[in-house]
Amino acid sequence: MSKQSSIAKRDKTILLILLGVFSIGQLFPLVWLVDFSLCKSGDVYGANILKIPSPPQYINYIVAWRDGKIPQYFINSVIVNFVSVFLVVLFSLMMGYAFVRMNWKWSNRVLTYVLLGLMIPIHATLLPNFVIFRQLNILDSYFALIIPYVAFSLPQAVFLMTGFIGSIPRALEESAIIDGCGIFRILFQIILPLSKPALVTVTVTTFLNTWNEFIMAATYLTSDRFRTLPFSVYNFAGQYASNYAVQFAVMTIVALPSLIVYIALNEQVTKGVTLGAVKG
Amino acid sequence: MQKVLSDKKTILLLVLPGLLIYTFAILFPIILSIYLGMTDWSGIGKPNFIGLENFKKIIFSDTTFWKSLRNAIFLALAYVFVQHPIALIFAIMIDKIGGKPEKVFRTIFFIPCVIPVVVTSRMWVSLYDPQYGLINKILDFLHLGFLKQQWLGDMKTALISVIIICMWQGFGWALLIYYAGLKGIPEELYEAARIDGATGFKLYTKITVPLLKPVIKVNFTIAIIYALKQMETVYLTTNGGPGDASQFLANYLYIRAFNSYQYGYANAISVLFVIACLAVNIFFQKIFKSENYEF
Chain E
1 MSKQSSIAKR DKTILLILLG VFSIGQLFPL VWLVDFSLCK SGDVYGANIL KIPSPPQYIN
61 YIVAWRDGKI PQYFINSVIV NFVSVFLVVL FSLMMGYAFV RMNWKWSNRV LTYVLLGLMI
121 PIHATLLPNF VIFRQLNILD SYFALIIPYV AFSLPQAVFL MTGFIGSIPR ALEESAIIDG
181 CGIFRILFQI ILPLSKPALV TVTVTTFLNT WNEFIMAATY LTSDRFRTLP FSVYNFAGQY
241 ASNYAVQFAV MTIVALPSLI VYIALNEQVT KGVTLGAVKG
Chain A
1001 MQKVLSDKKT ILLLVLPGLL IYTFAILFPI ILSIYLGMTD WSGIGKPNFI GLENFKKIIF
1061 SDTTFWKSLR NAIFLALAYV FVQHPIALIF AIMIDKIGGK PEKVFRTIFF IPCVIPVVVT
1121 SRMWVSLYDP QYGLINKILD FLHLGFLKQQ WLGDMKTALI SVIIICMWQG FGWALLIYYA
1181 GLKGIPEELY EAARIDGATG FKLYTKITVP LLKPVIKVNF TIAIIYALKQ METVYLTTNG
1241 GPGDASQFLA NYLYIRAFNS YQYGYANAIS VLFVIACLAV NIFFQKIFKS ENYEF
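Top line first, the protein sequences correspond to chains E and A. Okay, so the first sequence: first residue is 1 according to the working numbering, each after it adds one. Okay, so the second sequence: first residue is 1001 according to the working numbering, each after it adds one.
So that you can see chain A by itself, here it is in the shape it has in the complex (with noise of 0.2 angstroms):
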C-alpha cells in the first residue's frame, strides 16, 4: 500500500507534463521579463543590458504609469462602492424570492458574464454612439438631450464610460459570489433572531451583514484585482485614450510593447505589474488571514 502510494516513478508521471506546460508558459516566462526589462530592445535585433534604467523612469517621470494605477483605483472603488452594494441587494432578494424565480434571475444576472468581451465591448461601443447609440437616445427620450456626450471620446466622460462597462459586465460575479455566501448562514440564526424580536431591517445589519463579512472580504480582494488586471474592455473600447483619460497598466505595456516598439520598458513596466498584483493578493491575505471562509 504504502509502497504503491510512494513510488517515485508514477508521481513524477502524474505531476510533470502539468508542472512542465505551467513552468514553461507562466513561470519562466516572467522570469525572462525581468531580464527583458533591464534592457532597451526594441523587439528586433539585440537587446542591450541598461539595469535599472527603465524601472527609474517608470517610477519617477512616466505620467501615463501613475495614471493607469489611479483609474485601476477609480474603478475598484467604483466595485466596491457601488457595484457591490447593489449586488448585495439583489443578491438578498434572490435569496429571499425562492422557488423557480431564485433559479431564473440567477442565471438572468450573469448572463453578461458569459458573452465574451469581444462582443460586449463592441455592443458597447455601439451603445455609447453620438449619432445613433442606445444611451443618448434614452437621454432625448427622457428630454435630457443636453446630456448627450461622445461618452467613450471625450476626456471628460471616457474612464467612467469604460467603468460602467465593466460594473455592468462584472455585476453578476459580484452578486453570484454573495449569493453563496447567504446560502452558507444557517437558517436557524434568523429564527432565533426572530423569536429575540429582532425583525426586518435590523435582521440584515445584525444578521446577514455581519456573518457575511469574510465573503465580503472575499469578494473585495477579487474586485481590486479585477480592477487591476483590467485589459480586454479598454483595449477593444477606447485603448487608453483619448489620450491616457482611460488607460489601465495591462493595455499601457502592451501599446509600448507594440505600438512604440519600446520592448524592454514594456516588460519593466510588466514587472511592476506582477509585483503589484502579487502585493495585493498578499496584503489581503494577511489581514483576513484570521477569517475562514465557508460555502
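If we strip away everything but chain E, and leave its shape as in the complex, we get (with noise of 0.2 angstroms):
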C-alpha cells in the first residue's frame, strides 16, 4: 500500500497516460479487426484505418457461422477439451500425492522423468506420433488430440500440484490414516478440496493451451469430422479468400471463448503463467 501512497498524483497520471496510450497501440490490431467484421467486405480498401460501420453488416456473423461450421468445431473443441482438461486434473493430483506423500525408492527419479516434459517441444512429436498413431489407426478420431493433449499438460501440471500438496500440512490426512481411511479417500475427501486453488489454476492453463492449440489438430485430423474450433479460420483463408469482412467475423468469433475464460478467471491465468515460468 505504501507504493501507492509514495507517487505523486501528477505522476500517476502521466503513468494512466502512457500506459493507456500504449494498451491501445498493443490491443490496435484486434479493434481493426472487429471493426471491420462490422462493414462491408469492400470497405477495407477505402482509406480509412477506422470506419463506422453504417449500418453495421450483422450478417457477416451469420454468414461467418454457418459457413465457418462454428456449432461443430465448437462441439468437438469442447469434447476434446473437456476430456484432458478432467484427465490432466485427475492424473496431476494422484502423482502429486504419490509424488510428494508416498514412500517409494523410484519416486524422485520418475518425477524428474516427468518433469522433463517440460523441456521437450511439442513440434518434435509431429512426426513420430503421426506414423505411430495411423498404424493404431486413431488418426483423425478424438484420441489423436485427448492423448497428446494430456501427455504435454501433464509435466506442468504435475510440477503445479507436487508444490501445492508439499505445502498442505499433514495432520488431517495422518488423523483420517488413524481412522482407518484409505488413500482414494484421503485423496479425496481431504486433498481435493484442500487442493482447489491449484487445480483451479491447472484447469484454466491447460484450458488455454489445448483450446487454441492448432498445429496438432492439423497434422492428426484429415477430415472434417472432428476437426476443433481453429479450423474455422483456417478453412475461410482460402474459401472466402477475398470476402474479408466475413473472414474477420468468424476469427473474432473463434477469439471470443478464451476472451471471455481469461476475463473471468485472470487470477489464476496470471498465478499459473508465473508459477509455471519458474520452471517454464
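Read the hints as simulated data drawn from the structure, not as lab findings. All C-beta atoms, glycine included, are put in the ideal place defined by N, C-alpha and C. Hints may contain errors.
[As the list claims (entries may be wrong)] Once the Cα atoms are required to be at most 30 angstroms apart in a straight line, the calculated DSS-like pairs of lysine-lysine come out as:
id	chain 1	residue 1	chain 2	residue 2
1	E	Lys271	A	Lys1067
2	A	Lys1067	E	Lys196
3	A	Lys1103	E	Lys9
4	E	Lys51	E	Lys40
5	A	Lys1217	A	Lys1103
6	A	Lys1217	A	Lys1067
7	E	Lys105	A	Lys1003
[Unchecked claim] Covered stretches of chain A (in silico footprint by chain E; criterion: 3 or more residues with CB under 8 angstroms from a CB of chain E, positions within the stretch not fixed):
id	stretch
8	1003-1010
9	1016-1025
10	1094-1106
11	1112-1118
12	1138-1146
13	1264-1271
14	1274-1284
If you follow the hints, you should be able to join the two separate chains into one complex; please do so.
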C-alpha cells in the first residue's frame, strides 16, 4: 500500500496516460479486426484506418457462423478439451500425491522423468506420433488429440501439484489414516478440496493451451468430422479469400471463448503463468 | 500409517495412468524419431536404414537448417533486447500505479497471449496486406508512404515482419513475469534506500534491476527457448518464405516431412531440434544454478 501513497497525483496521471496509450496500441489490431468485421467487405480497401459501420453488417456473423461450421467445430473443441482437462486434473492430482506423500524408492527419479517433459518441444513429436497414430488407426479421431494434449499438459500440471500438495499440512491425513481411511478417500475427500486453488490454475492453463492448439490438430485430423474451432479460421482463409469482412467475423467469433475464459478467471491465469514460468 | 503410504499397489495405481500416456506420447515418439532419422523413409513403404547419412547432410550441407537456426537467434535477440526492456519498464509502471488500474492494465496487456494463434496470425496477414492492410495505411496517414512494403512477401522484410508478430503476441508474457518478480521485492528495501538518500532513477538501477536478476534470467531462458520452438506463427503467415527467408526449425522439418515427403530426413532434423532445445535448457540451468528464484 505504501507504494500507492508514495507516488504523486501528477505522476499517476502521467503513468495512466502512458499505459493507456500503449495498451491501445497493443490492442489496436484487434479493434481494427472487429471494426471491419462489421463493415461491407470492400470497405477495408478504403483509405480509412477505422470506419463507422453504417449500418453494421451483422449478416457477416451469420455467414461466418454457418459457413465456418462454428457449431460443429465448437462441439468437437468442447469434447476434446473437457476430456483432456479432466484427465490432466485427475492424473496430476494422483501423481502429485504419490510423488509428495507416498514412500517409494523411485519417487524422485520418476518425478524428474516427468518434469523432463517441460523441456521437450511438442513439434519434435509431430512426425513420429503421426506414424504411430496412423499405425494404431487413431488418426482422425478424438483420441489423436486427447492423448498428446494430456501428455504435454502433465509435466506442468504435475509440477504445480507437487508444489501445492507439499505445502498442505499432514495433520488431517494422519488422523484420517488412524481412523482407517484408504488413500483414495484421503485423496478425494481431503486433498482434493484443499487443492482447489492449484487445481483451478491447472484447469485454466491447460484449457487455454489445448483450446487454442492448432498444429497437432492440423497434423492428426485429416477429415472434417473431428476438427476443432481454430479450423474455422483456417478453412475460411482459402474459401473466402476475398470476403474479408466474413473472414474477420469468423476470427472474432473464434477468439471470443478464450477471451471470455481469460477475463473471467484472470487471477488464476496470472498465477498459472507466473508459477509455470519458474520452471518454464 | 507407514503401511498405507508405502502400499506399492496404490502407488502404481496413482502413477501409472499418467506415466503411460506421457511415455506413449512423448518419450516413445522421440525414440522412434531417432530411428526414423537414420532411414531414407518417404512415409510410405519400407524404411531403408542409412545410418548417420541424414545427420551428416543436415549439418554439413543443409543451408536452410542453418538459416532456420540463425532466424531463431534473431528472434531471441529481438525478444531479449527489444521486447524485454519495454516489458520491464511497463511492468514497473503497472506495479507503481496500484489500485484498480494496476489490475486492468495487467489484464489488457496479456490479452494477445490468450487469443488463438490461428486468429492472431491470420489477423497479421491482413494487417500486413499491401493493398488494404493497416500497416501501409498508417504509413500513408503519417505521410511515410514511401516506406510501404509487401511486408510478408518480400525477402528483405519477411523475417522482421514475423518477428514483430511474435514480439506483439508474447509481450504480455514477458511483462507478467517481470511484474511477478517486482511483487517479490520487499517494499522495505526501497524505504531503506530512500532514507539513505537514493531517489528516482537510482532506486531502479541500484535496487530493482539487481534484485530482479534471477527473474530476468528466467525470462531470458524462456524467451530463447520460445524463439527456438517458434512454429505456429510462421506456419500460418509465411510458411518460412519467401524462399527460406523466415524459416524456423520446427516449420522446416514439417515441410520436409509433409510437403517433400522426406520423412526420414525430417525426423533427423527433429532429433537435432530436440538436442538443441535440451542443450539450451541445460546450459541456462547450469549457469543460473547459483541463483534462487522467489515468487
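Here's how the hints hold up against the structure:
1. As the CA atoms of E:Lys271 and A:Lys1067 are separated by approximately 37 angstroms, the hinted pair breaks the 30 angstroms bound.
2. A threshold of 30 angstroms between alpha carbons decides the hint, and for A:Lys1067 with E:Lys196 the separation of about 47 angstroms lies outside it, so the pair is violated.
3. At roughly 18 angstroms between alpha-carbon atoms, A:Lys1103 and E:Lys9 fall within 30 angstroms of each other, so this suggested pair holds.
4. This hinted pair checks out: E:Lys51 and E:Lys40 have alpha carbons roughly 10 angstroms apart, not beyond 30 angstroms.
5. Taking the CA atoms of A:Lys1217 and A:Lys1103, the gap is near 25 angstroms; set against the 30 angstroms cutoff, the hint holds.
6. Annotation: proposed proximity of A:Lys1217 to A:Lys1067 holds, straight-line Cα distance about 26 angstroms (limit 30 angstroms).
7. For the proposed pair E:Lys105 and A:Lys1003, the alpha carbon gap of about 14 angstroms is at most 30 angstroms, so the pair holds.
8. Coverage of the stretch 1003-1010 of chain A by chain E holds [criterion: at least 3 residues with CB-CB distance below 8 angstroms; count 6].
9. For the stretch 1016-1025 of chain A, the stated coverage by chain E holds: 7 residues have a C-beta nearer than 8 angstroms to a C-beta of that chain, and at least 3 were required.
10. Counting residues of the stretch 1094-1106 of chain A whose C-beta sits closer than 8 angstroms to any C-beta of chain E gives 9, which meets the bar of three, so the coverage hint holds.
11. Coverage of the stretch 1112-1118 of chain A by chain E holds [criterion: at least 3 residues with CB-CB distance below 8 angstroms; count 6].
12. With a threshold of 8 angstroms between beta carbons, the proposed coverage of the stretch 1138-1146 of chain A by chain E holds, since 3 of its residues qualify and at least three are required.
13. Taking a C-beta to C-beta cut-off of 8 angstroms, the stretch 1264-1271 of chain A contributes 4 residues in contact with chain E, enough for the three needed, and the coverage statement holds.
14. For the stretch 1274-1284 of chain A, the proposed coverage by chain E is satisfied: 4 residues have a C-beta within less than 8 angstroms of a C-beta in that chain, meeting the threshold of three.
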